[in-house]
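Undergrad: Sequence:
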Amino acid sequence: MNKKNYTLVALSVLGVLVLTGCQNSGAQSTTSQQDLTASASETVVAESAAMKMDPTKVAQMVDNTILAPEGLSLAKDNIRYKVGMADLNDNGSQEIMVVMQDPYFCGSGGCTAYLFDESGKTITRMTVVKTPVLLAESSHNGWKDFVVWSNRAYRVMKFDGNSYPSNPSTEPTIERDSEQKSAMAKVMATELYQQDGYELMPLDSDTLLEPFHRYHFTFKHYGDPDNRYVATVDMKSDTLDVDMVPLNE
Numbered sequence: 017m018n019k020k021n022y023t024l025v026a027l028s029v030l031g032v033l034v035l036t037g038c039q040n041s042g043a044q045s046t047t048s049q050q051d052l053t054a055s056a057s058e059t060v061v062a063e064s065a066a067m068k069m070d071p072t073k074v075a076q077m078v079d080n081t082i083l084a085p086e087g088l089s090l091a092k093d094n095i096r097y098k099v100g101m102a103d104l105n106d107n108g109s110q111e112i113m114v115v116m117q118d119p120y121f122c123g124s125g126g127c128t129a130y131l132f133d134e135s136g137k138t139i140t141r142m143t144v145v146k147t148p149v150l151l152a153e154s155s156h157n158g159w160k161d162f163v164v165w166s167n168r169a170y171r172v173m174k175f176d177g178n179s180y181p182s183n184p185s186t187e188p189t190i191e192r193d194s195e196q197k198s199a200m201a202k203v204m205a206t207e208l209y210q211q212d213g214y215e216l217m218p219l220d221s222d223t224l225l226e227p228f229h230r231y232h233f234t235f236k237h238y239g240d241p242d243n244r245y246v247a248t249v250d251m252k253s254d255t256l257d258v259d260m261v262p263l264n265e
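Numbering of the sequence shown is given in my numbering, commencing with residue 17 and proceeding in unit increments.
These aren't lab readings, by the way, just hints derived from the structure by calculation. Each hint should be verified, as a subset may be incorrect.
[Unchecked claim] Here are the computed lysine-lysine pairs in the BS3-like style, where the Cα-Cα straight-line distance is at most 27 Å: (1) Lys73 <-> Lys197; (2) Lys236 <-> Lys174; (3) Lys137 <-> Lys197; (4) Lys174 <-> Lys137; (5) Lys236 <-> Lys197; (6) Lys236 <-> Lys137.
Everything numeric in this text was worked out from a predicted model, so none of it was measured.
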């Protein structure tokens with residue numbers, strides 16, 4: 017992919033409609049966005065953690081802890097899952113999150129997910145989890161919070177001293193739509209998009225435990241019909257990158 021960097025410009029208020037189904041329920045308790053950013057603890061960037069991932073070790077954890085009790089195995093059942101890593105308790109070791117993607121472990125409300133420590137010990141087993149899974153900057157009891165999509169809202173997962181909640185669907189919600197709209201407006205303000213860009217839409221990341229304030233979008237360009245563009249906006253660092261991707265990828 018070819019990468020182009022763009023300087024962010026100051027924006028006046030824009031009426032931007034985001035095409036997304038991620039609506040927060042007003043009946044749920046809500047954690048403010050300020051609460052999520054209150055901690056001074058440094059966020060671990062998920063991409064850097066992913067570089068340290070040992071796929072064989074993770075596969076053994078999945079086989080031994082998740083699949084074997086169900087009479088399944090990766091070798092014979094071709095079970096799909098997603099993996100992400102982050103140092104959630106600042107001890108220098110990466111915790112490992114596995115979100116199952118196979119219908120056997122998923123229902124209409126979401127999928128089963130596991131959080132392991134580096135040795136493979138289960139910290140938390142969670143139900144009804146959907147991606148994205150986002151890493152917050154706030155902490156509780158020495159562990160970073162993270163956010164999952166569950167029960168039609170983003171839910172804040174807080175460590176209680178022993179584990180994270182097992183059922184995210186009842187946890188406090190956090191609103192993300194307004195910041196996403198601001199991020200989308202930044203993409204719309206780039207010279208590239210203003211010069212014949214169209215079909216700008218939100219794009220969920222497949223990276224587990226990605227920073228909470230990072231957003232992705234995709235759009236097309238009339239002057240380049242063979243490619244599409246993927247824009248990444250980090251609202252905390254105030255940066256924007258655009259990748260050009262062939263349409264057949």
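Undergrad: Keeping to a limit of 27 Å between CA atoms, is the pair of Lys236 and Lys137 held or broken?
TA: violated, 45 Å
Undergrad: Can the restraint linking Lys236 and Lys174 be considered satisfied, given a maximum Cα separation of 27 Å?
TA: Not OK: Lys236 and Lys174 at ~39 Å, beyond 27 Å, violated.
Undergrad: Is it true that the CA of Lys73 sits at most 27 Å from the CA of Lys197?
TA: Measuring from Cα to Cα gives roughly 39 Å; hence the hint is violated.
Undergrad: Does the structure keep Lys236 and Lys197 at a Cα separation of 27 Å or less?
TA: holds, 18 Å
Undergrad: Holds or violated: Lys174 and Lys137, Cα atoms, limit 27 Å.
TA: holds, 19 Å
Undergrad: So if I understand the rule, the pair passes when the alpha-carbon distance is 27 Å or less; does Lys137 with Lys197 pass?
TA: violated, 39 Å
Of the hints listed earlier, those the structure fails to meet are numbers 1, 2, 3 and 6, in rising order.
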